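S.K.: Modelling step: build the complete structure from the supplied sequences, incorporating the hints.
Protein chains: 2
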Amino acid sequence: MPYIREKFKNVQAEIIAIGDEILVGQTTDTNSTFIASQLSANGVFVKQKRVIADEEDSITDALNGIHPNTKLVFMTGGLGPTKDDITKRTLMKYFGGELIYHPEVYDHIVKLFAAFNRVPNKMNKEQALLPSSCTPLNNDWGTAPGMRFQKGDTYYFSIPGVPYEAEGVVEHEIIPWINENLQNGTVVHHTLLTQGVPESELAEQLADWENALPLKLKLAYLPSPGIVKLRLSVYEGDKLEAEKLVKREAKKAINILGNVVFGEGNQKLEEIIGLSLLKEKATVSTAESCTGGLIAHILTGVSGCSAYFNGGVVSYSNASKTELLGVDPLTIEKHGAVSKEVAMQMAAGAKKKFKTEYAVATTGVAGPTGGSLEKPVGMVWIAVASPDGVKAKCFYFGKNRKRNIKKAALTSLDLLRREVQKIK
Amino acid sequence: MPYIREKFKNVQAEIIAIGDEILVGQTTDTNSTFIASQLSANGVFVKQKRVIADEEDSITDALNGIHPNTKLVFMTGGLGPTKDDITKRTLMKYFGGELIYHPEVYDHIVKLFAAFNRVPNKMNKEQALLPSSCTPLNNDWGTAPGMRFQKGDTYYFSIPGVPYEAEGVVEHEIIPWINENLQNGTVVHHTLLTQGVPESELAEQLADWENALPLKLKLAYLPSPGIVKLRLSVYEGDKLEAEKLVKREAKKAINILGNVVFGEGNQKLEEIIGLSLLKEKATVSTAESCTGGLIAHILTGVSGCSAYFNGGVVSYSNASKTELLGVDPLTIEKHGAVSKEVAMQMAAGAKKKFKTEYAVATTGVAGPTGGSLEKPVGMVWIAVASPDGVKAKCFYFGKNRKRNIKKAALTSLDLLRREVQKIK
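Which chain is which? The protein sequence lines are F and Y, in order.
Position one of the first sequence corresponds to residue 1 (this note's numbering), numbered consecutively onward.
Position one of the second sequence corresponds to residue 1001 (this note's numbering), numbered consecutively onward.
No wet-lab data here; the hints were simulated from the structure.
All figures in this text were calculated on a predicted structure; none of them were measured in a lab.
Incorrect hints may appear among the rest.
Unchecked claim - Only pairs whose alpha carbons sit at most 20 Å apart, straight line, appear in this in silico EDC-like list of lysine to aspartate or glutamate: (1) K1218(Y) <-> E1204(Y); (2) K151(F) <-> E98(F); (3) K399(F) <-> D1140(Y); (4) K1422(Y) <-> D1388(Y); (5) K352(F) <-> D388(F); (6) K1218(Y) <-> E56(F); (7) K218(F) <-> E1055(Y); (8) K47(F) <-> E1056(Y); (9) K251(F) <-> E204(F); (10) K422(F) <-> E271(F); (11) K1424(Y) <-> E1280(Y); (12) K1355(Y) <-> D1388(Y); (13) K1375(Y) <-> E1341(Y); (14) K402(F) <-> E1171(Y); (15) K391(F) <-> E341(F); (16) K1355(Y) <-> D328(F); (17) K1216(Y) <-> E56(F); (18) K1125(Y) <-> D208(F); (19) K1334(Y) <-> E1374(Y); (20) K1216(Y) <-> D57(F); (21) K1218(Y) <-> D57(F); (22) K1402(Y) <-> D140(F); (23) K1125(Y) <-> E204(F); (24) K47(F) <-> D1061(Y).
M.R.: As structure tokens, this is what we get:
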């Protein structure tokens, strides 16, 4: 379609998330994160996101409020067996047409239910009714099909709100369509992932480099508990040149920061550890007290991890530290459960019990209660056992339980990475 | 302040999240979820949320685009040591004034760094410069203070983007101010939490009740993997009466759905289990294969869980199932690791090893690889051991690894809840 290609240089998109549940703060809108990341990766520029109520006026207002340069509009939510009505009716008023029955959509719903040994009901059957003004989009992952509308030279996509359905429709139905029909602009991102150094210190170390960056290169610091991402972006010019530019500058930043950078792009710490272990043909196990299973959960999020992850123990009680990990009860008595000695024995115990080359252990005060002057809430001992022996280090991760559990788990993984990659 | 009270009947709010990282889909905006839930709980109505780029034009456009009836505007992000500049400069242009140095803010920054054994740098010092048009808001949790501006009879809050800092400022600085200064409207929500029944089936069961609901009562189905929430809302009339109304109708729905409802409001499944175990003075342990530690992680998210959670094993390898949980290797050989027999032996083994009254075990094919015709990806055996014996049940949670791990963990917790609460 050369006509469309011509018209769609530097495509601008907007996202509208429909849902009272998001407005009242009961649900976090993760769909638009996914949509935005997919668009961004495919050279489409996201101008704005909005969250609005699922009611006719709000939907119509939002559609009328789209920026005149926006060529792609993504609406998520407001579909599904119990809330189809408002969204479909409103879209039909806006784009015209009437409801028509799509037997192929209903067939799909019947098959979907059969796989779970269930039968669709009347509400599910009504999901096969779609406005005649739309092109249906396959939703292999749920009962509500997506819809594509057109008004002027702008395309509107209505996507189900359930995250894995939204992801399926965007990835398999919409992104290929965009790449086939539109000529996207230059959007190049390159991200460096760092662990263990606060934002302001990174910025200080990078100050000279940052001041010398070419004007069209944008740098952003994205802090989160335990990890700070550095994102380099170029939004103009030739794509290949832009890619070369960000890569060149990323390399300079890595040279300055050294081992603090644990990865690049969308890599995850647990994936990097997995690849390193596979390369070394080594295995790992965990012994978790304060992190309560989070390290094991993160490691086992990686498909294929059974090749290098043998297992772990969550030893919340002293008895389980002794019974399952072989920690000496006298050590616990003398130094306390939160101590260097216990952390080291836990790591050594897991390594032995699970017959692995590496093991990582945590013991700390997650809080909010149970802290003391000597061992305050947020204090965590982390130990890593490797073929070279056992090392331990003490950290202070602050008073917030959820946050210090997460920071302790990520820091443990980074210490493990450093051991596996033999970084001094 | 009776003047303000008079003017602020039924307060309407909008949220503006500032950040390229959200627009490109690198970060999910969880701050506005927290802000919205706090506002909602305090009778403030959220009209709209927006996400915009951190650049002057976008911020100014968004401020100019605020609905005329909106009285409270929350801006999150765009603050912090490396990105203070644009936001502060733009807000100063919009609200007037000049940058002035706040020694008390700098003192706080110095103390905060001292606690982590660090010294603030030049960038951190600049965070103590604030527009003279704002009232600073304490941020005990980070270096960037919040700011309150006023224009006409609308109040604007600028809040740091780091989630735990944003939460602290909203909870401790802003909400008390709103409750002291504004007369909020009626917003009453009541939520029922259900596990294990799909949205369309719940809706079918509730159809008669739903059709008979009073007009001013709004019902919403909020599905997520494993859990469907039913939210009843009233936005008008007397607050006490509205509360009575939603409670009365919630009770009727519970009578229809029975044990499918595991809790109400903001309760979490793991908290309910914890309370039930405490009441019974009983303890629990876990034996996880495919869920890889997620059940233990969820259980240990609850403060005080060490009173009833002794620990768990993540037994990813067959050897660890045998070695740590006492699963008979012949059983694994005969039935395979993913089987009813192995799940039951895992649960019984954890119960014995950790000396607990209850234990929950999972073994399944998380995928995406490793499935077979007989044991497809997503098939999971869950066993619960209790003082009455061991029960096991087989589930099919679909092909998506992250999703079936989550569903398996939540379903395990619900089966555990049913055992602990002695539900037939």
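S.K.: Indicate, hint by hint, whether the structure satisfies it.
M.R.: These are the hints, each one checked on the structure:
1. K1218(Y) <-> E1204(Y): holds, 17 Å
2. K151(F) <-> E98(F): holds, 16 Å
3. K399(F) <-> D1140(Y): holds, 12 Å
4. K1422(Y) <-> D1388(Y): holds, 10 Å
5. K352(F) <-> D388(F): holds, 14 Å
6. K1218(Y) <-> E56(F): The hint holds at about 15 Å.
7. K218(F) <-> E1055(Y): holds, 12 Å
8. K47(F) <-> E1056(Y): The given pair, whose Cα atoms are some 14 Å apart, holds under the 20 Å limit.
9. K251(F) <-> E204(F): holds, 18 Å
10. K422(F) <-> E271(F): holds, 17 Å
11. K1424(Y) <-> E1280(Y): holds, 17 Å
12. K1355(Y) <-> D1388(Y): Since the Cα atoms of K1355(Y) and D1388(Y) sit roughly 15 Å apart, the hinted pair holds (cutoff 20 Å).
13. K1375(Y) <-> E1341(Y): holds, 14 Å
14. K402(F) <-> E1171(Y): Roughly 17 Å separates the two Cα atoms, so the pair holds.
15. K391(F) <-> E341(F): Judged against 20 Å, a Cα distance of about 10 Å means the pair holds.
16. K1355(Y) <-> D328(F): Satisfied, since the Cα-Cα distance of roughly 19 Å is no more than 20 Å.
17. K1216(Y) <-> E56(F): Holds, at about 17 Å.
18. K1125(Y) <-> D208(F): Holds, because 19 Å separates the two Cα atoms, which is no more than 20 Å.
19. K1334(Y) <-> E1374(Y): Distance of about 15 Å is within 20 Å: holds.
20. K1216(Y) <-> D57(F): holds, 18 Å
21. K1218(Y) <-> D57(F): holds, 16 Å
22. K1402(Y) <-> D140(F): Status holds; Cα separation ~18 Å.
23. K1125(Y) <-> E204(F): Measuring from Cα to Cα gives roughly 13 Å; hence the hint holds.
24. K47(F) <-> D1061(Y): Distance of about 12 Å is within 20 Å: holds.
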